[in-house]
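Here the protein sequences come in this chain order: A and B. So the first sequence is residues 23 to 314, counted in my numbering. So the second sequence is residues 23 to 314, counted in my numbering.
Derived from the structure by calculation, the hints contain no laboratory data. Keep in mind that the hints are not guaranteed to be accurate.
Copies of the same chain look alike in the list, so a pair counts if it fits in one copy or across any two.
Claimed, not checked - In silico lysine to aspartate or glutamate, DMTMM-like type, Cα no more than 25 angstroms apart, as pairs:
hint, residue 1, residue 2
1, K278, D79
2, K100, D64
3, K107, D119
4, K278, D204
5, K263, E65
6, K107, E270
7, K263, E217
8, K107, E176
9, K263, E98
10, K263, D55
11, K100, D242
12, K100, D83
13, K278, D55
14, K100, E281
15, K263, D216
16, K100, E270
17, K263, D155
18, K100, E176
19, K263, D83
20, K278, E67
21, K263, D298
22, K278, D64
In case you want the letters, here they are:
2 protein chains.
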Amino acid sequence: MIRADWIAADWGTSNLRVWAMQGREILAEASSDAGMNTLARDEFEGALLALISDWIDGPTDVIACGMVGSRQGWTEAKYQPVPCKPAGHMVAAPTQDSRLNVRILSGVSQATPADVMRGEETQIAGFLVQNPDFDGVLCMPGTHTKWARISAGELCHFATAMTGEMFQLLSERSVLRHSMGDGWDDAAFLAGLDETLSRPERIATSLFSLRASGLLNGEDGAAARARLSGLLLGAELAAMKPYWLGQEVALIGATKLNEIYQSALATVGLTVRAFDGTEMVLAGLAGAREAL
Amino acid sequence: MIRADWIAADWGTSNLRVWAMQGREILAEASSDAGMNTLARDEFEGALLALISDWIDGPTDVIACGMVGSRQGWTEAKYQPVPCKPAGHMVAAPTQDSRLNVRILSGVSQATPADVMRGEETQIAGFLVQNPDFDGVLCMPGTHTKWARISAGELCHFATAMTGEMFQLLSERSVLRHSMGDGWDDAAFLAGLDETLSRPERIATSLFSLRASGLLNGEDGAAARARLSGLLLGAELAAMKPYWLGQEVALIGATKLNEIYQSALATVGLTVRAFDGTEMVLAGLAGAREAL
Numbered sequence: 023m024i025r026a027d028w029i030a031a032d033w034g035t036s037n038l039r040v041w042a043m044q045g046r047e048i049l050a051e052a053s054s055d056a057g058m059n060t061l062a063r064d065e066f067e068g069a070l071l072a073l074i075s076d077w078i079d080g081p082t083d084v085i086a087c088g089m090v091g092s093r094q095g096w097t098e099a100k101y102q103p104v105p106c107k108p109a110g111h112m113v114a115a116p117t118q119d120s121r122l123n124v125r126i127l128s129g130v131s132q133a134t135p136a137d138v139m140r141g142e143e144t145q146i147a148g149f150l151v152q153n154p155d156f157d158g159v160l161c162m163p164g165t166h167t168k169w170a171r172i173s174a175g176e177l178c179h180f181a182t183a184m185t186g187e188m189f190q191l192l193s194e195r196s197v198l199r200h201s202m203g204d205g206w207d208d209a210a211f212l213a214g215l216d217e218t219l220s221r222p223e224r225i226a227t228s229l230f231s232l233r234a235s236g237l238l239n240g241e242d243g244a245a246a247r248a249r250l251s252g253l254l255l256g257a258e259l260a261a262m263k264p265y266w267l268g269q270e271v272a273l274i275g276a277t278k279l280n281e282i283y284q285s286a287l288a289t290v291g292l293t294v295r296a297f298d299g300t301e302m303v304l305a306g307l308a309g310a311r312e313a314l
Numbered sequence: 023m024i025r026a027d028w029i030a031a032d033w034g035t036s037n038l039r040v041w042a043m044q045g046r047e048i049l050a051e052a053s054s055d056a057g058m059n060t061l062a063r064d065e066f067e068g069a070l071l072a073l074i075s076d077w078i079d080g081p082t083d084v085i086a087c088g089m090v091g092s093r094q095g096w097t098e099a100k101y102q103p104v105p106c107k108p109a110g111h112m113v114a115a116p117t118q119d120s121r122l123n124v125r126i127l128s129g130v131s132q133a134t135p136a137d138v139m140r141g142e143e144t145q146i147a148g149f150l151v152q153n154p155d156f157d158g159v160l161c162m163p164g165t166h167t168k169w170a171r172i173s174a175g176e177l178c179h180f181a182t183a184m185t186g187e188m189f190q191l192l193s194e195r196s197v198l199r200h201s202m203g204d205g206w207d208d209a210a211f212l213a214g215l216d217e218t219l220s221r222p223e224r225i226a227t228s229l230f231s232l233r234a235s236g237l238l239n240g241e242d243g244a245a246a247r248a249r250l251s252g253l254l255l256g257a258e259l260a261a262m263k264p265y266w267l268g269q270e271v272a273l274i275g276a277t278k279l280n281e282i283y284q285s286a287l288a289t290v291g292l293t294v295r296a297f298d299g300t301e302m303v304l305a306g307l308a309g310a311r312e313a314l
């Protein structure tokens, strides 16, 4: 039988992940597809209890981050403007069950250029628990990849590239889907990366060329898929040059995405350390709980 | 009662449009959603007859262009490589009904950079019937916009931008859909256009900024939609600069798209004539029929 000291929750648009915690130790974990955009305001508490009710007895802290704190979430945890200490602010969510003491961490906003994050700030906070003196740039690959400048324990400014979502839309829903295959081809990835990193304007014409190559030369589907990834990531790196040029960069993400970004950043001479996204979010939630 | 001298057909991926013709005069027209990708090989003839059988009596020429000539179409009309006379080659399609004499126009291919077109070559041919001495660039806005260099009656080289498809995917299926509204805002369109035309690498970061502006500043949905269009078209114009810089450019497309491209090209000092896509494709099909 599990009795959680407290509950950690990473609650995004399409998924809910929870952990039964004892201090910083994980006792158990669970997840469901009860993401923010599937729930009405009065359904959040039930979706949470469905996963954690066996773990809790008396009054229990629940620390949550992600889209659960958006305007369409459980309760709005307003964005904190940069520069700020990441995950340094939270709000209480209303509950029926008196055992639950739910706190939701605020996201971070930037006025110019307009940008927002929800969830990544908690990963950054977790990273800073482990690397308190870090001065450099964190890159968090994902559906919407975030690049964040960190200095003196604060998030100074950041930018978002929709590279992951573009890859998904183009490879699954555009005319390019007919040319995509399974697998991966490093050379094709690096060639695509180099093309748009050095000539970012090429992105507009190079995409359809993937389809034409498939039709005319029977280009391999794995090569086409890797080349698409390279073209999109090259355009992202071209846009993010002010973030990575001459900086110390670290990655926070899933292993596979981290590896892709590591190989891309190696082509511009950067050796970057990679950290696991889940570990960082848990460290960030634990830090927020300790600050309660 | 209509008796067609011949039948013109513009047969794309998702639609079939046919016209009952007397020389170059339109007697009647019809359309259906029996596009290439909804039909098995032996279903093309039936889909055609469903629209035209009332118009024909004895043996009748049918001149078709578009994806109907692709490998997955009625019969493959192999790409003609550039440089070539556009719509200068056709193949007969097999039929059961002895009244039908179906010819399908070949598309055009380019080896480097790899590119293909099917359908636009017939619009170009129609344009050249009316403007035989044209020496310059034709831009054909659409789902996949084509830019084509024309000289001495030949199509010399061309390039494709997936701008229309990207706009559709991003405005309807990405996270940006939450920020889109109806209507249009010229100033927002031109601001987006200028941003990526002058700094094409910005495309990677400027897209998510649309979403963030909506969240933080409550940016108007019409402005967001127009700005998205401007950002994508600016990136296209940046990529296509070798096509339009210092050239005579003419547009062939639907009225609304032509107007958007005209206003975009006006910002770089180009005054361009615009031609209707349907008129051009019909002129091209009529020219091909006269050459039979």
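### Message
Run through the hints listed earlier and report the numbers of any the structure violates, in increasing order.
### Response
Going through the list in order, the structure violates hints 1, 3, 5, 9, 10, 14, 16, 19, 20, 22 and respects the others.
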